[in-house]
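Undergrad: Single-letter residue listing:
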Amino acid sequence: MSIVKQAKGFWASIVLAIVFSVVVQLLINGGQLNAFYVNTLFLIGINIILAVSLHLIIGITGQFSIGHAGFLAVGAYASAIITMKLQLPFGLALLVGGLAAAVAGLIIGIPSLRLKGDYLAIATLGFGEIVRIIFLNINYVGGASGMQVSHLTTWPWLIGCVIFSILVIVNFTNSTHGRACISIRENEIAADAMGINTTYYKVTAFAIGAFFAGIAGTLYAHNFYIIQPTNFGFLKSFDILIFVVLGGLGSMSGAVIAAILLTIISTYLQDYPETRMIIYSLVLIVMMLYRPQGLMGTKEITSLFKGRKSVKGGVQDESKHTVA
Amino acid sequence: MKANTPLLKVENAGIRFGGLKAVSDVNLELKQGELVGLIGPNGAGKTTFFNLLTGVYVPTEGSISLDGGKLNGLPPYKITRKGISRTFQNIRLFSELSVLDNVKVAYHSLSKHSMLSSILRLPSHFKGEKEMEEKAIEFLKIFNLEKFSHEKAKNLPYGQQRRLEIARALAANPKLLLLDEPAAGMNPQETHELMNLISFIRERFSLTILLIEHDMLLVMGVCERIYVLDHGQMIAEGTPNEIRNNPKVIEAYLGEEVS
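Chains as they are written, first to last, in the working numbering: chain A, 1 to 324; chain B, 1 to 259.
No incorrect hints appear here.
Heads up, simulated SDA-like pairs for lysine to any residue below, C-alpha to C-alpha not over 20 Å straight-line:
id, chain 1, residue 1, chain 2, residue 2
1, B, K9, B, G73
2, B, K130, A, G9
3, B, K154, A, E188
4, B, K130, A, N171
5, A, K116, B, V56
6, B, K78, A, N187
7, B, K130, A, F10
8, B, K78, A, V203
9, B, K127, A, W11
10, A, K299, B, K154
11, B, K130, A, N174
12, B, K78, B, S65
13, A, K299, B, S95
14, A, K8, B, E129
15, A, K8, B, S124
16, B, K82, A, I189
17, B, K154, A, N187
18, A, K299, B, S149
19, A, K299, B, S98
20, B, K130, A, F172
21, B, K127, A, N174
22, B, K130, A, W11
23, A, K299, B, E96
24, B, K154, A, S303
25, B, K82, A, N197
26, B, K154, A, P292
27, A, K116, B, R92
28, B, K112, A, N171
29, B, K154, A, Q293
30, A, K8, B, R121
31, A, K8, B, E133
Some but not every residue of chain A turned toward chain B, in silico, with C-beta under 8 Å:
id, residue
32, F172
33, T176
34, A180
35, S183
36, M194
37, I196
Please keep in mind that the hints were generated in silico from the structure rather than gathered at the bench.
Here a beta-carbon is modelled for each residue, glycine too, at the ideal position from N, C-alpha and C.
Based on the provided sequences and hints, a complete structural model is requested.
TA: This is the structure we're talking about:
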């Protein structure tokens, strides 16, 4: 893909996103979208941010982290302190929420990213639970009864954050830095041998992913009037993980599509919370049987519009062995 | 650099895993431009020795220096940047990445545009990426791999994958190239092509090469000097002819003669 084309596609998608967000804003103002749809839309937005942030960690860098709700919680509480306790503006809360989660990402990332595979998964799972229990025991933020938060998440903030996080992660991925991360996912030993500072890139990806989870946490906290530690349990981490796995590990559009689909499904299943997890599990089992690579595999939605010459069937002229 | 100072100097290097001495007391010197073979029976510690050179393992004894600079204890990526590049016994390509991107990864450490410039898509990002792409395409042409540029590395036929791995290792601009059984699993025709490729890259990039290989035809055919490793110890060193007639080497490979 040529770089000029890439730049064109980039601006085209920005324009498209702005048009979409203005249209939605007009619909909200005009009252054509009722509160139920608006709320669903907000949830979708928050979940997209969570999905793409975890996609960077798991799908791109290949570090299997299952404590993402921990970063969500850090962002939510840090930002709620800014707006509710310190009475500072929401914009600042977004920034602080993101940064606080990024710092948490660094603190957990630097020691635990030495671990691989299952061990890393268990360490991050532990981290998520520790965060939840810490907030449960801090009276300043309300402990188990939670913390009142005013509703400050508005459509412009939400869509702005969604676009911002997608942009940053796409731009990061489609650069030499993103390739370094992918090379770690593909083969860490070889990446090391090619001069990639693997620790640095693993921690960086982890911190960027945590930053956006923190932003999602800010939006989440200021959308629900109350935050409680129970909102950020293992099941929440699992929800986010499912977006990424169902979408296809390594495909951002897959993660986004899965986030949209599953959010819609779960809103309609809200009255039957027990069935929700059963349906989730069934979806996952069916997918593992029939499409283990996820909805999109490692492909992006943009690649569907391009000439797909060499997608399947391997190389055409295998017979030509040449000497340099 | 003077012509007679060694490029790579390994002195009494070794590593033990707990009580097991995998490699011990190894001395080795490579002069600029040499093509040297490293042979030995299975489990002799050849790949472990490569892992010591490239920093995958940190030697527990002895010292390793490249161009006079010490390498002990440096992480692998720094050793690569200092000029040692390698291929692997079992191919380790970035299989989901395209052939072109595999080479670009090797250029990463030379890239100048920062992460921030990439995220903000500043001009320096486009310039840097464009340079990198052009360089990588030019590079693939040298290896006749440019027609596979956009193919995923995993879809390449076996021989071409080996070739790509060598190309990728060279893209990191090494002074010393370590090849770990490059001919493994190749048929005689492919091995022959590989021999040509090795002589070609040696000339083209004025490289020093250290080669682990089981294929004696290849080792004896291209190497000027050969080191023999057995049970983690260097048991012999010399020209192919000397090695062929060295009783210690014959014993290591075939066992003691029955008297």
